[in-house]
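The sequence shown begins at 1 in UniProt numbering and counts up one residue at a time.
Just so you know, these hints were derived from the structure itself, not from any lab.
Using C-beta positions, here's what the derived DEER-type ranges look like: (1) I323 <-> P302: 21 to 27 Å; (2) L358 <-> P294: 22 to 28 Å; (3) D140 <-> P371: 36 to 42 Å; (4) R369 <-> W103: 18 to 24 Å; (5) V355 <-> G301: 18 to 24 Å; (6) D140 <-> G169: 41 to 47 Å; (7) A366 <-> A142: 40 to 46 Å; (8) T305 <-> P371: 17 to 23 Å; (9) R298 <-> R369: 22 to 28 Å.
C-beta: ideal position from N, C-alpha, C; glycine also.
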Amino acid sequence: MLQTSEPARPATAARALAPDLARGFMLLAIAFAHAPLFVVAVDRGSAAANAVSEFFHVLFVNNHARPMFAFLFGYSLVQLLNSRTRRGADWVTVRKLLRRRGWWLIAIGFAHVALLVPIDILAPYGLAAVVLTGMLRRGDKALLWTAGTLMVPATAVVGFAMWVALMQGLSTFSLGTIAAGARGFGELFVTRMVGWPFGLVLGTVMVLPAVLFGVWAARRRILEEPERHRGFLVRFTVIATVVSVAGSVPAALIQTGLWTGASGPAVVAASVAQPLTGYFGGIAMACAVGLIAPLAARGRGPLITAVEALGRRSMSLYLFQSIAFLVVFFPFGLGLQDDLGIAGATGVAVATWLVSLLIADLMRRAGHRGPAEILLRRLAYRRT
Numbered sequence: 001m002l003q004t005s006e007p008a009r010p011a012t013a014a015r016a017l018a019p020d021l022a023r024g025f026m027l028l029a030i031a032f033a034h035a036p037l038f039v040v041a042v043d044r045g046s047a048a049a050n051a052v053s054e055f056f057h058v059l060f061v062n063n064h065a066r067p068m069f070a071f072l073f074g075y076s077l078v079q080l081l082n083s084r085t086r087r088g089a090d091w092v093t094v095r096k097l098l099r100r101r102g103w104w105l106i107a108i109g110f111a112h113v114a115l116l117v118p119i120d121i122l123a124p125y126g127l128a129a130v131v132l133t134g135m136l137r138r139g140d141k142a143l144l145w146t147a148g149t150l151m152v153p154a155t156a157v158v159g160f161a162m163w164v165a166l167m168q169g170l171s172t173f174s175l176g177t178i179a180a181g182a183r184g185f186g187e188l189f190v191t192r193m194v195g196w197p198f199g200l201v202l203g204t205v206m207v208l209p210a211v212l213f214g215v216w217a218a219r220r221r222i223l224e225e226p227e228r229h230r231g232f233l234v235r236f237t238v239i240a241t242v243v244s245v246a247g248s249v250p251a252a253l254i255q256t257g258l259w260t261g262a263s264g265p266a267v268v269a270a271s272v273a274q275p276l277t278g279y280f281g282g283i284a285m286a287c288a289v290g291l292i293a294p295l296a297a298r299g300r301g302p303l304i305t306a307v308e309a310l311g312r313r314s315m316s317l318y319l320f321q322s323i324a325f326l327v328v329f330f331p332f333g334l335g336l337q338d339d340l341g342i343a344g345a346t347g348v349a350v351a352t353w354l355v356s357l358l359i360a361d362l363m364r365r366a367g368h369r370g371p372a373e374i375l376l377r378r379l380a381y382r383r384t
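Please take these sequences and the hints and turn them into a complete structure.
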């Protein structure tokens, strides 16, 4: 079995910038992915602006944000394993801790759906941690073979949803809209509870491969030591980005109406190519942050400091996004779900991320870790 623990380092060693920086930018990708799901019709407003926004989303956001988050989550599992091992914990203790954290993430994700919005990524990652913790002790060959095998059902789930939308001439956002409409909280709650188990299972299937790729990358510390892995990072980022964009273009052309009359096989191919290549495009985004991290560390300014602070509090500020979207879009808030199209929703996503940056930087100045991070730590470590 592969030894996944790293050589002991001094307790005062500086925390690597790249993983936190990647998590901070990841929240912008998640905001881009989720905000359009809260509008009633993505074609409200300027047709040109909506078309440009939708093309951008299919090329760089749809099925990119999720694998980026999953990759970074898998990376963090190894970081936690190494951290506890350096402090003298054995494998059994760490395994129990990781799985306990996973179960609590599922519980927090359930509360997130029940109380805020019916879209959640915390519970699937929690279940992924419970299922995959044992893989942290497996060799690279088993890790990569498992990830490659799981890519088949993961791509099939996402590809089927995209195929349904493209065959009906709908935006993938319109198909998955979660706008509240005129329903009251009770009806929304029942609907969410009925759908939550299915969403949890499907969501977990979709993230498992990227989590394992993150574990593989963390064993080599490619984000913590980006200068040592610069050649690999450059090659992978360039190749994966080019392949991802090329694989997403057909679906973008069909969805925006620039390719009309596409044959059935062409739609199927586009529906499979976009999520498959998007997987690696999302991971390439994290690797791109790893490439710029050394430069950012040397010329650290207010923006980099704020993004790093956001990455350190990613769970808390992810939950803040849901609160912000609820206030902006739902009828018992500003009620803009009927007024904004995909371009307007994209603007709301950017504004929400900028406010998150401000909040994270204020927390940093106050020395506050983040309420969700504190809660999870207290729950998971209570027996340690």
